[in-house]
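Residue numbers (the working numbering), protein chains in the order written: chain A, 1 to 318; chain B, 1001 to 1271.
These aren't lab readings, by the way, just hints derived from the structure by calculation. The model shown is predicted, which means the values in this text are computed figures rather than measured ones. Note that CB positions come from ideal geometry on N, CA and C, so glycine has one too. One should not assume that every hint holds.
Said to hold, decoys possible - Covered stretches of chain B, going by a simulated chain A footprint (3 or more residues, C-beta under 8 Å): (1) 1086–1093; (2) 1178–1192; (3) 1199–1207; (4) 1227–1236; (5) 1242–1253; (6) 1256–1267.
Claimed, not checked - Calculated Cβ distances over 12 Å to all of chain B for the following chain A residues: (7) LEU100; (8) LEU104; (9) ALA133; (10) ASP155; (11) GLN181; (12) ILE209; (13) LEU310.
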Amino acid sequence: MSIHPGTAAKHKAPDSQAAANAPKVRRRSPTRVNPALYLFPLPAVAVIAFFLVMPTLQAFQYAITDWNGFSAAFNYVGLDNFIRAFTNDSLFTNALTNNLKFVLLVVIAQTFFSLILALLLTKNSRGSILLRALFFFPTILSSVSVAFIWKFIYDPNFGLANSVLRTVGVDGGAYLGNDAQALYWVAVTQVWFHSGQMMVVYIAGLQAIPRELYEAAEMDGANKWQQFKSITWPFVAPATSIVVAYTTVQSFKAFDLILGIAGNPPKSSLDILSTRIYSTFANSEFGYAAAQSIIFMAMIALVTWLQRRLLRLTPKGE
Amino acid sequence: MLTSLSRRAILAIYAVIIIVPLTVVAFGSFKTTQELFAGPFSLPHSPSADNFAEVVGGQNLGSSFVNSVIVTGISVPLTLFLASLAGYGVSRLKGFMSWAIFGFLVLGMAIPAQANMVPLYVLFGRLGLLDNLGGLILANLVSTLPIAVFILGGFMRTLPKELYEASSIDGSGPWKTYASIALPLSAPSIAAAAIFLFVIHWNELLYPLLFIQTPGNRTLPLALLSFQGEFQTNYPLLFAGVILASLPVVVAYVFLQRYFVAGITAGASKG
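Please model the entire structure based on the sequences and the hints provided.
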């Protein structure tokens, strides 16, 4: 599945553009742009326009129809699909609630956990470098592989978790079999899967902090916690906003992991928006699936925007 | 903040949480179900490659492996090629057009694959691209082109303009400058993007799930997912599948570990 980094990308584009324009303002080389240069982006523009932008616009059109995907005839039903999703479809509202719960859990756990790992492995010693490589490793596996590994860990009868617990005389749980907990256990899997990747983002942020600041703070008698609060945390704020935005999008789209761990279609306690959209689609309700996918896209945009508003994480002195 | 002892303890515990499941999978793939359930941690006591033989032979994982190699082998270079062309064009164009084209290409990062899967499915149906490896290659290209342009274009914009000017004074046209100046100088960002795309395209599940019907056209993640229903608790067989599906990425990771970190975080953090 493709990865969509947060909206941070788009917000930065104008700035780097300003920099790229600087020479033009200076009028150092007023050479005309060679028209042949327009040919270079042409294939990419054509592909994106025809296979990404056009279909996305079309999704808006399908979303207001009752099209089943096969018959030539369909009716325009206005906003009925959207109203149905929120008022008359417990499967959808259940998936929405699950998804928001899952995102919240993973974002909090993964941000916290990847920062701790990064703090412990900032120094470039041999051991740190080895451990970083190890912790990063799960990121490269496919979601289906990770799902199968954890299905075995969680297997109530033969699984790894309960085998370990039995040796110390504890009765293990049913994990994924327990509807009240299943989503939490998948969140644990997601954190295992991607914390190493976010740890690396944090390490890059931590290594950019000037050492002198800590030395000065130490001379002033600041303890480790005070140093963390007033130096480390403000300085890694940009890394935090990347980690939070990226983790949000990643956990909204935990589609592969859910299908691998819970089967297709997943049971309702593990159904999230992307799996629900897929089920609606597989059920030949194309119009309704398109409406759900628009809600999904809007949801990601809204949550990402809210995070940017609420967190306002900007580095000190910028 | 943390004593050296608790620091070591946390790291050791997490290392165990990563290593143990992977070791159990590796050992388990050589065991029978009974042996795995009897002792997940023990070394396989008469290791047999039966599970591998079964997943490669009986279950189409062999042909899926070939399909995955074809799809990834074409989609990664193709995406890099179009993205580097676009990145080069954008880095040499000026003013509004440069900004508009870059913005148009990069905006696609905000569209999640699930959001346009319905119309893409319909479009592919009309173009005869369903149940076809070419369709998967095209879908991979579309879904990752925006971020590839973002990584490569972002890098190429930092190259000094003087190099391009010098090259055109020497009489090179834009194509020659692209091939002899822009591409070689962008090697680090191309390598980072290549690894990033390799991991994504190799592990891609949604598009095969949407588009592929014939088992013979499945790629590895899809073939592996179909085990889920068929072999619910035959874990050794699932593990053999996991190992086979992960092998190329793992081997590459062992040798190019540093570049993987750089590549995948370029995707995560260049934002």
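- [ ] Any hints from earlier that this structure breaks? Give me their numbers in increasing order, please.
- [x] 2, 9, 10
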